[in-house]
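Enquirer: As given, the protein sequences belong to chains A and B, one line each in that order.
Note that this note's numbering has the first sequence beginning at 1, numbered continuously upward.
Note that this note's numbering has the second sequence beginning at 302, numbered continuously upward.
Be careful, since some hints might not be right.
Unchecked claim - Far from chain A by the CB rule (all over 12 angstroms, computed), these chain B residues:
| no. | residue |
| --- | --- |
| 1 | E397 |
| 2 | N412 |
| 3 | A416 |
| 4 | D487 |
| 5 | I550 |
| 6 | R553 |
As the list claims (entries may be wrong) - With a straight-line Cα cutoff of 25 angstroms, these simulated DMTMM-like cross-link-like pairs (lysine to aspartate or glutamate) come out:
| no. | chain 1 | residue 1 | chain 2 | residue 2 |
| --- | --- | --- | --- | --- |
| 7 | B | K468 | B | E532 |
| 8 | A | K276 | A | D183 |
| 9 | A | K235 | B | D471 |
| 10 | A | K235 | A | E300 |
| 11 | A | K109 | A | D148 |
| 12 | A | K235 | B | E327 |
| 13 | B | K505 | B | E532 |
| 14 | A | K144 | A | D185 |
| 15 | A | K144 | B | E327 |
| 16 | A | K109 | A | E300 |
| 17 | B | K468 | B | D546 |
| 18 | A | K146 | A | E65 |
| 19 | A | K146 | A | E156 |
| 20 | B | K505 | B | E477 |
| 21 | A | K276 | A | E175 |
| 22 | B | K522 | A | E168 |
| 23 | A | K276 | B | E327 |
| 24 | B | K431 | B | D487 |
| 25 | B | K540 | B | D487 |
| 26 | A | K146 | B | E532 |
| 27 | B | K522 | B | E502 |
| 28 | B | K514 | B | D487 |
| 29 | A | K146 | A | E99 |
| 30 | B | K522 | A | E65 |
| 31 | B | K522 | A | E175 |
| 32 | B | K541 | B | D487 |
| 33 | B | K522 | A | E300 |
Unchecked claim - Coverage of chain A stretches by chain B, computed from C-beta distances (three or more under 8 angstroms per stretch; other residues unrestricted):
| no. | region |
| --- | --- |
| 34 | 22-30 |
| 35 | 66-76 |
| 36 | 145-153 |
| 37 | 283-289 |
These aren't lab readings, by the way, just hints derived from the structure by calculation.
Here the structure is a predicted model, which means the values were calculated and not measured.
By construction, the Cβ of each residue, glycine as well, lies at the ideal position given by its N, Cα and C atoms.
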Amino acid sequence: MTEARQEWVGFSASRVWAIAVNTLTESVRQKVYLILILFALVLIASASFFSQFGFGDAGEQVALEQLKFIKDFCLGAISVFGVLIAIVGAAQLIPNELENRSIYTILAKPVRRFEFLLGKYLGSALLLLVSVAMMSAMFGVALKFKGDNYLRVAREAAMHGEDRGSIEEAARQAERIRAAVYDPDLVKALLLAYMKLALLAAITLLVSTFSTSMVFNVAVALMIFFVGHLVGAAKERWGESGVARFLLVLAPDLSVFNVADDVILGHAIPWVYVAKVALYGAVYLVAVLAAAHFIFTEREM
Amino acid sequence: MRAILSALLVLLVAAWGTLPLQTRIEGQRLRLKFGGVHVTRQMRDVMGQGMMIGVLAGFRGVVADFIWILGHGDWESRQWFQQYNKMQVATMLQPESVLFWDVGAWHMAWNIGYAERTDTSNYTLAQGIKRERVWHERARQFLMRGIQNNPSRYNLYFKLGWLYEQKFNDPCLAAEQYGLAARFADAPAYVARMHCRGLAECGKLAEAYQCWKSLWFQDHKAVHQNWTIVEREIRLLEKKMDIPDSQRIFARQPSKPEPH
Numbered sequence: 001m002t003e004a005r006q007e008w009v010g011f012s013a014s015r016v017w018a019i020a021v022n023t024l025t026e027s028v029r030q031k032v033y034l035i036l037i038l039f040a041l042v043l044i045a046s047a048s049f050f051s052q053f054g055f056g057d058a059g060e061q062v063a064l065e066q067l068k069f070i071k072d073f074c075l076g077a078i079s080v081f082g083v084l085i086a087i088v089g090a091a092q093l094i095p096n097e098l099e100n101r102s103i104y105t106i107l108a109k110p111v112r113r114f115e116f117l118l119g120k121y122l123g124s125a126l127l128l129l130v131s132v133a134m135m136s137a138m139f140g141v142a143l144k145f146k147g148d149n150y151l152r153v154a155r156e157a158a159m160h161g162e163d164r165g166s167i168e169e170a171a172r173q174a175e176r177i178r179a180a181v182y183d184p185d186l187v188k189a190l191l192l193a194y195m196k197l198a199l200l201a202a203i204t205l206l207v208s209t210f211s212t213s214m215v216f217n218v219a220v221a222l223m224i225f226f227v228g229h230l231v232g233a234a235k236e237r238w239g240e241s242g243v244a245r246f247l248l249v250l251a252p253d254l255s256v257f258n259v260a261d262d263v264i265l266g267h268a269i270p271w272v273y274v275a276k277v278a279l280y281g282a283v284y285l286v287a288v289l290a291a292a293h294f295i296f297t298e299r300e301m
Numbered sequence: 302m303r304a305i306l307s308a309l310l311v312l313l314v315a316a317w318g319t320l321p322l323q324t325r326i327e328g329q330r331l332r333l334k335f336g337g338v339h340v341t342r343q344m345r346d347v348m349g350q351g352m353m354i355g356v357l358a359g360f361r362g363v364v365a366d367f368i369w370i371l372g373h374g375d376w377e378s379r380q381w382f383q384q385y386n387k388m389q390v391a392t393m394l395q396p397e398s399v400l401f402w403d404v405g406a407w408h409m410a411w412n413i414g415y416a417e418r419t420d421t422s423n424y425t426l427a428q429g430i431k432r433e434r435v436w437h438e439r440a441r442q443f444l445m446r447g448i449q450n451n452p453s454r455y456n457l458y459f460k461l462g463w464l465y466e467q468k469f470n471d472p473c474l475a476a477e478q479y480g481l482a483a484r485f486a487d488a489p490a491y492v493a494r495m496h497c498r499g500l501a502e503c504g505k506l507a508e509a510y511q512c513w514k515s516l517w518f519q520d521h522k523a524v525h526q527n528w529t530i531v532e533r534e535i536r537l538l539e540k541k542m543d544i545p546d547s548q549r550i551f552a553r554q555p556s557k558p559e560p561h
């Protein structure tokens, strides 16, 4: 009965999961991915060595500016390498299957095209999750390493202050440094960054459903990435024109996912905002996957 | 063809369906003062393609820092306008970085201003002073834009007050800005003292006296303040204003006996 119902619905979560895990395993073994993630981790780990680029006159200001630089640098690196992993990873999913002819073997089995597509996407999303988690962990270590050094200095100053005023000021400085290091809003920034990458991977997969060239997929996805970041500026300039508004609505506004700068500068990011952006991303993601499904189902192989 | 049409239709429906949500998100971003990058012609001219891509890719803070360092190079080679442009772009990229506004205004009012005044190509000293004042005004405008972007931080109000005091020789405007800065809980104790002193220098002795008194009546154990200075200033004003004994905080000091 259950099998019959599944056949009627035409969807099997276990088949999708099997394809997703397989996609993840294949992607992780690829040299391109390994090189990208290695570079990303090395770059993030070395952020504290570049923190001298930060500004500041003395004491606490130097500490806060250097911590800000580390956050800028690491979140930027996570964004750049995340985008590369998302696009390169998703762009080759279908072309590789076609080139290796493994797609024919898979689709010859009782696997629906939608399940195949969804499995491939989930594999790609899992790969991004693993990558972002690894880069975030390295970011956390780099930030803690640098922050703890400054915290130790500030606490020592608080302990050896000459008068009550300087002790209190040093304690306040230590508190400000601690708040800069252990900022819970960084998690929100990373969460939204992941959402953006997942959406970008879905868009790349959509492009690869009607194209056979991986280079074309990567180029188009990169263009959509840049357009997505310029939508906000374009809306400001041409938002009054009906035609422009119609066209601008089609492109996803990827800039709404970027809250890293605001987190670094100390803005509180409300969960309501995160939820709204996540909902926007989820709706767009479902639509892009549905569009990919329509094209992939009709595609001749 | 049917597949492509279906795909387009789905994307259109999703795009139009999320329009109210997008409007809400944009509204919330504006309310929360989230600073997206607004691409301008000036930004494009200063940054070039490489840095522009860096900004779009997520390295906004790093690019801003890099532009700031380039600006410092311009200062060393006395390219004031290039430095000015770079300071503008750095603050556009990171409008809420107080340090950029603070140091930028300091460069304009102190370093560039002085260099313009003492430039050997000036025909007269008056010409040098005129050129210097242009940069003072630029620094003032720069700080005011900084305050617009960071209204809830004490630093830039204080710096604007310092600029009014040091470069515009206007203690009244300076006192006003120090007063605004002193409202913030994290402002150092000296900011409140500078506010009171500024009022006295402005000639508003009664307000200055009230200001010092309000400082003096704070809890001396809870508030970290240089009470010796506060006491000295109150004594000075009480003497200067000839405050009646009944209203004084500190009793008159007995006058020294006349030497025989």
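Enquirer: Check the structure against each numbered hint from earlier and tell me which ones fail, lowest number first.
Expert: Violated hints (numbers, rising): 1, 4, 7, 9, 10, 11, 15, 17, 21, 24, 25, 26, 27, 29, 30, 32, 33, 34, 36; every other hint is consistent with the structure.
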